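Work out the full structure, taking the sequences as your base and the hints as a guide.
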Amino acid sequence: MRSSGIALLLLGPLLALAGCTAAVPAHGPDEFTAWAAGQDHVASVESSADGRFTSHLVVDGAIDADGLLALTTSARAEASTLGFDASGVNVIVGNAWGFSLGADDVNVTTVNALRDDPLLVGATVNYEPLDPPADYVGGLHATVGSQAGLRDAPASVLAAYTGAGGDLGALSVAVSTADGAFAIVGVGSAQPAAAIALWQAVSGRVLPLSAVASVDASGAETLELTVGSAAEKAAAEGVGAQHPDVALLVSY
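So the sequence shown is residues 32 to 283, counted in this note's numbering.
It is worth saying that the hints were derived from the structure and are not from the lab.
Pair ranges (Cβ atoms, derived):
| no. | residue 1 | residue 2 | range |
| --- | --- | --- | --- |
| 1 | L240 | D95 | 37 to 47 Å |
| 2 | G269 | L199 | 28 to 38 Å |
| 3 | D81 | S111 | 15 to 25 Å |
| 4 | A221 | G92 | 24 to 34 Å |
| 5 | A134 | G194 | 17 to 27 Å |
| 6 | S282 | N126 | 28 to 38 Å |
| 7 | G98 | S260 | 47 to 57 Å |
| 8 | G69 | S260 | 53 to 63 Å |
The structure presented is a predicted model; accordingly, all values stated were derived computationally and were not measured. Glycine included, each C-beta is placed from N, C-alpha and C at the ideal position.
This is the structure in structure tokens:
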């Protein structure tokens with residue numbers, strides 16, 4: 032199964048996504064698929080090798096943290112036995128949590144932590160679609176259960192990843208509502224604090240229909256808003272004039 036991937040966060044079914052690539056012997060995909068299909072909690076497996084290896088495992092969302100860790104450890108060992116890089120394997124848990132197997136337990140440990148976070152209903156950790164859209168950005172993506180949890184969620188995601196031993200570097204760290212209308216997008220440990228402050232200031236005058244606060248690798252911050260009328264656009268831009276450190280883009 033294939034799709035255009037994740038637009039920002041978990042905006043489409045994870046079942047439609049697959050893994051990254053690694054060269055393998057021709058027999059690898061069939062053997063790996065047969066092995067994975069026989070594992071507890073694995074609902075389906077899709078593997079292929081068209082000059083490369085890709086595989087994704089769809090796992091029952093009822094699997095507990097220890098079971099998921101054991102499954103990924105075994106999958107990594109099986110991949111090694113067959114002679115290919117386990118980074119070609121991605122795991123989807125309960126159609127809400129996705130991650131690349133990777134060379135160690137950083138990604139699965141992060142997902143296990145995020146699954147216990149009451150703010151979140153889904154996340155992907157270095158998940159790699161088979162056919163990503165041109166604007167696809169990997170990294171850490173999480174979905175909150177309500178807009179009220181949006182402000183605190185980035186810190187939870189960062190803490191889970193670094194606590195698992197992950198190196199943030201310049202990874203995209205994005206959190207959004209389920210419909211993608213409201214989002215905060217950071218780079219590494221940097222978060223768009225000034226853009227969030229502007230968002231809050233604008234919300235005191237008009238109610239945005241959508242809002243995305245972001246910071247890029249250079250540190251430049253942007254706030255993109257959608258409002259309901261020309262009058263609200265003018266009001267938002269009036270507030271934005273008092274925050275020259277943030278690029279404000281308003282549409283209606």
